[in-house]
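There are 2 protein chains.
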Amino acid sequence: MSYLNETHDPALQSWVDSANQPDNGFPIQNLPFAVFRPAGGTQDFHPGVAIGDQVLDLAALAAAQVFTGKAAEALGACKSTTLNKLMSLGQPYWSALRLELSRALRSGSALQATLEPLLSNIKDVELGMPARIGDYTDFYISEHHATAVGKQFRPDNPLLPNYKWVPIGYHGRASSINVSGQSFPRPVGQTRPATEGGTPGFGPCQRLDYELELGIFVGQGNTQGERINLDEAEAHVFGLCILNDWSARDLQAWEYQPLGPFLAKNFASTISPWVVTLEALAPFRIAFERNPNDPQPLPYLSSAENQASGAFDIGLQVFLSTQASRAQQTGPALLSESNFKDAYWNIAQLLAHHTVNGCNLQAGDLLGTGTLSGPGKGKEGSLLELNNGGKQPVKLPWGEERSFLQDHDEVILRAACRKPGYPTISLGQSAGTVLPAKI
Amino acid sequence: MSYLNETHDPALQSWVDSANQPDNGFPIQNLPFAVFRPAGGTQDFHPGVAIGDQVLDLAALAAAQVFTGKAAEALGACKSTTLNKLMSLGQPYWSALRLELSRALRSGSALQATLEPLLSNIKDVELGMPARIGDYTDFYISEHHATAVGKQFRPDNPLLPNYKWVPIGYHGRASSINVSGQSFPRPVGQTRPATEGGTPGFGPCQRLDYELELGIFVGQGNTQGERINLDEAEAHVFGLCILNDWSARDLQAWEYQPLGPFLAKNFASTISPWVVTLEALAPFRIAFERNPNDPQPLPYLSSAENQASGAFDIGLQVFLSTQASRAQQTGPALLSESNFKDAYWNIAQLLAHHTVNGCNLQAGDLLGTGTLSGPGKGKEGSLLELNNGGKQPVKLPWGEERSFLQDHDEVILRAACRKPGYPTISLGQSAGTVLPAKI
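Listed in order, the protein sequences are those of chains A and B. At position 2 of the first sequence (counting the first as 1) the number is 2 in the UniProt record's numbering, and the numbers step up by one without a gap. At position 433 of the second sequence (counting the first as 1) the number is 433 in the UniProt record's numbering, and the numbers step up by one without a gap.
Simulated from the structure, these hints should not be mistaken for laboratory data. Any given hint might turn out to be false.
Since copy identity is lost for identical chains, a pair holds within one copy or between any two.
Unchecked claim - Derived EDC-like pairs (lysine to aspartate or glutamate); straight-line CA-CA distance at most 16 Å: (1) K164 with E196; (2) K438 with E226; (3) K438 with D124; (4) K419 with D23; (5) K391 with E196; (6) K164 with E289; (7) K151 with E126; (8) K85 with E226; (9) K79 with E401; (10) K164 with D409; (11) K391 with E401.
No experiment lies behind these values; they were computed from the predicted model shown.
Here chain A stands alone, though its shape is the one from the complex:
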């Protein structure tokens, strides 16, 4: 399924002027979903869709009863505090709603007068958690990240033998995921004893890091015991967000054997509030290319369609702002840039693998990609890679250095799709700030 249709015409313009500004990120070809409420308010969040610098109130639009059929049913599911109900309806409903929203927001639409009162400037609203996340799974799909991290432990044999066969993943913590703007105290915990057999260290994490990831929101799930086949997998995906998988490297090194990361990751994770649908990303599909020396995946992870168009060209960036840079009114520093297309596994493969054993996914579940590092310098998705395992501090333009994150550091992840002749499709940003430890 390419999902390409009239909503992807690059010539489409909206009667919302800001949506037509070059590189604004939320043109009429995007239409990302979020939940929002008036800034400073205490009322329940409800779904909205972005258009330029505005958010359209979908719960209010549902009450206006201007759509029919599947689009109306999809809008009906927006009378809720989260996107879970809309997510659970399935791709035909999301697609029908997108088409009607695109038509209603186009220049010349007869619905302009109906919709105009339902818009708010995004600056005037608070964005919430788009979904109640049932289960959160984090994968490890960047070979470049896995190799860089593996080299620090096993210089001669950085990639484990299963890596090129199994989309490695593990379950993470759903309760501590929050939206952009999250701040959290530096985690406290045990660290490896200074001498073998000694007493472990205990205190605030000294090697706090970020991880640059994308998040995949599951739409329709599957029945326990039934698998999702590769070529049907994308129809189960509602859309993508940006994800910062904050990581306490010193806690991780001591705790993670034999059952994997736990307290090193579960204190906080930060997502972007906007969920960009796979349909909005369709113009940025590309062939899923492997190095010819890499093994052909097992049949359940391989198909002609998946190879032809299973990858997405999504640019990713990491920025850092510190207490000192903000005091100097210096903008955040760009630390690195990478691209989702360089990942070893793709979205459909993650869902097919996750369910091959009968594991049931549910609407609102979140799958993280794992750190999306690219090949070569400047494409590192974590400080651990940028600083070569803590050995080479990163120099910041305003004179500071960072081996790992300091208190009051703010990490800002951004993602967007760009190509000539098509408006920029932004995924927005995930920003989060480290506060001092509570001890």
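Starting from the known structure of chain A, fit chain B onto it as the hints suggest.
What follows is chain B alone, placed relative to chain A:
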């Protein structure tokens, strides 16, 4: 907090005769919670409490308005499809409700006529998932299990250096947890290549196992960024259930490095439907004893109160029934027996550790203990231990053997507290059946 009070008087008798039968498991001193509906019905589940062979409808009792104060507020939270609301209220509310239920169900209570119409025979009801589980964490607290499993990989050094300092845990899958009576198809997946560098195997799991665990239901949670201190931790626990953490050993061996178990565990987990409160278990508290050669835990995992009474004496049993045994009308075979008191870490330590980094627990979260094997033969909590890594098949009394589970095998886990002069406090059972793989 010992929580001992008038509800623990061993002389208490109920006007429900079956609750007074010796060893019935649900005497008036127990009062475990579940959610239920009429068998074969499709209506919503609602909370109930067991007394003998009966279940008392707590939603209906709430409507009768016979309690006051905290007990009435707790009953009000039972007008729900799960126990989450009741769990979130906190220990003083659970305790107040327990006290009033104990008084109302005692022989001679003036409320007998009011409550009698609200009873159903447990045989006539269907029991559901007691809570919506937000996050599920599985620990690894039996040193005997960790050593037995570690020996199969590292004969000279079975326990990793972190084991006696860190209560090792990882996040598991919440969506695939179901109550006793669950059946599921044998999982399918990748297995280690027959030769190094070869193509992995793919097909139905050949080394399917059970794991004998207890589950800990979190009641009141904590705010993200705040920890739960050791001596306050038990007040955050609503109660315990039995948990079977089904495990595909061959899938696990190939996938679990470096991030831990994933598809080997997340296809199904089976809990008992009854949640027994810590207050009901109070008479079975015992001192938490360590081998004098083991290190003293770090201060956040250690207190005089925790050492004095942080462990619980709960007997555990594993039974197996097969297609052949059922055809012969032979009862399930007892495979092993162990006890929760032999674990290396206790309940309060698990909560204190889980939150020391600021990770937020929520009402309805489930913590698994990990496989509860005891010291020595006959106390193995998994087939992998009973069969010595698949090398010595277990002989069943009706002539069959088992290295790992076969299709149509039913595993039944039971747990109960027994001591002279006190009625048996049962946790009920978790029964689950393996169906043939779907390929």
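Verification of the supplied hints:
1. K164 with E196: This pair counts as between: shortest inter-copy Cα distance 13 Å, intra-copy 34 Å.
2. K438 with E226: The answer is between: 8 Å across copies meets 16 Å, while 45 Å in one copy does not.
3. K438 with D124: Neither, since 32 Å and 52 Å both go past 16 Å.
4. K419 with D23: within (11 Å within a copy, 73 Å between copies)
5. K391 with E196: neither (22 Å within a copy, 34 Å between copies)
6. K164 with E289: within (14 Å within a copy, 46 Å between copies)
7. K151 with E126: neither (42 Å within a copy, 54 Å between copies)
8. K85 with E226: This pair counts as neither: shortest intra-copy Cα distance 22 Å, inter-copy 32 Å.
9. K79 with E401: Neither: 48 Å inside a copy, 57 Å across copies.
10. K164 with D409: Intra 35 Å, inter 34 Å, cutoff 16 Å: neither.
11. K391 with E401: within (12 Å within a copy, 56 Å between copies)
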